[in-house]
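S.K.: So the protein lines, in turn, are chains A and B. Take 1 as the starting number for the first sequence in the working numbering and just add one per residue. Take 1001 as the starting number for the second sequence in the working numbering and just add one per residue.
Do not take every clue at face value.
A partial selection of chain A residues facing chain B, derived with a Cβ cut-off under 10 Å [stated by the list, open to error]:
hint	residue
1	R43
2	L49
3	L54
4	A94
5	V124
6	D127
7	E143
What the hints contain is simulated information worked out from the structure, not anything from laboratory work. Please read these numbers as outputs of a predicted model, since none were measured by experiment. Glycine residues also receive a C-beta, built at the ideal position from the N, C-alpha and C atoms.
So you can see what is in the structure, the chains are spelled out below.
Protein chains: 2
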Amino acid sequence: MVAISRAIQTGYGSEIMREQEVLKIIREQVAEAGDDAALLLFRNTYLILTTDMLHRTSDFPEGTTARTIGWRSVAVSLSDLAAMGAQPLGILLAVADPKLDEELIRGILAGARACCDSAGTRLVGGDIDRLDELTLVSTGIGEAKRPVHRYGAQSGDLVCVTGVLGRTQAALSLFATEEIARANDLFCFLPRVDWGIKLAAHATSMIDISDGLAHSLHLLARESRVGCSIEEELLPVIPDLTQAIPSASRSEASHTVASLIEAILFGGEDYELLFTLPESAIPAINPAVHYTVIGRATDGAVLIDGYKLPDRGYEH
Amino acid sequence: MVAISRAIQTGYGSEIMREQEVLKIIREQVAEAGDDAALLLFRNTYLILTTDMLHRTSDFPEGTTARTIGWRSVAVSLSDLAAMGAQPLGILLAVADPKLDEELIRGILAGARACCDSAGTRLVGGDIDRLDELTLVSTGIGEAKRPVHRYGAQSGDLVCVTGVLGRTQAALSLFATEEIARANDLFCFLPRVDWGIKLAAHATSMIDISDGLAHSLHLLARESRVGCSIEEELLPVIPDLTQAIPSASRSEASHTVASLIEAILFGGEDYELLFTLPESAIPAINPAVHYTVIGRATDGAVLIDGYKLPDRGYEH
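Construct the entire structure; sequences and hints are all you get.
M.R.: The following block contains the structure:
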């Protein structure tokens, strides 16, 4: 939530300044902390609320199926809830389309329902509208007795990431080379709701990496007033992404290797959870949670292999 | 919520069939009753959720200020909560604009906040995005221990409406004649949150009339399995609307008079509350609630002055 889309096709990292300014205006005007979702104290617990807008040109490459569109629209909101350690209570989905095409709408709703099912929640309402471009707005509501914030990381904590990195970048490569079935499969990521809930008891801070790993590390460090030092060789990369880079160029040109790590660090929109926790908490983490330790929180800057990690993000 | 926009400019009543079909698909797929908002049972109370999408060409005539756009975007969701008798807990607002113009965004957020203030609630979060057309999606969350549904009206109940009718139609006329200040003033309607809460203890059914009075009467009658009989002379019409129709033509041509009552019955998008209650409950209604009795629920059809009232609606 509170993120700004621009075309996936334009890549990442360029025109962030203006968007940051608009975000700042929103933060000034809205009763919202710098978290993945908004919190409402309600009867000794917190209601967690998030809303996300996606649309055809920015978020869904040629070849994306209606089911994938519906799935992903819901999954981005569930990922925001997951990043707070929240139990989802329900999802609303507003869909706008120029033609209100029945097959498209059916496909989108089927995908949205399937994604809700995967996270043990339900599509409880929605709105439809006519608009020149297919646009979807999903709203997630969840509950967390002890929500996990972006702030809270302590110097010395381990920095960890769930799952594997580069899933969306791999999907985009596959869409580009028209390997449509696998691309859609990768695009329908499983929101880390269950892992988020399991991690909530132990994590000192958490965020989803939908803005890219580098920018998410900076956000978490800034909110927690720590630095962090991560190691490139520890980053868990999805095999589809390494395969998507032609091996010939990988062996001959260092710039291509650079573009792999660039994609991992600065590309979006992955929906894994980035979190911190004290090393002593490791044994208590439920073994169902797949995660990798990628570094440590420090008193210094945000570093990768000892070098400053630029705060370039992917703004989706 | 669960409504379909089409251009205000196209008037009302024509191409409903296709949209009704799409709505039917949504209802099939989504765990949603035919109410203004979705309900989630949560800790012995109900969370009430609603989402609404508005955009420039359909919902905001030339001359609408940024503040009015923000106000109205929030007000439509608050009206849905009001129609359930819910206490608002918070509002999320997603804004998409081609240019992310700072003045526009500031104006919209100021209007949105002012509308939240008017209903004793807060803007708690949001999302921003780039889209070719200015588009806003507001999500309201509220709470009601005893939500009021569209079903529940009993034959013999009084049929009542809050406030006055024709406010939006009057505003549209004023926008058309470039009386911009008064048009914006009328367009910033006060959502009937306080009245909705006060009515919730007594009303047997309730709905907001954003789809037009006639269609809302039909929806309420259908969900409650009753008929109703209303009287034209009882309908409380906003003076701005009668003034907006040139008095010369009113006195000479019956079709112009017809267009006034047509605007009241079939035009949108008014956000007053239509509700039913037993006559015996009248003395108990808090005198702060402004309302007018316009007819009675019956065992028959939906009638106005004894004639069948067509189920033509305004779908926003």
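S.K.: So which of the earlier hints does this model not fit?
M.R.: none
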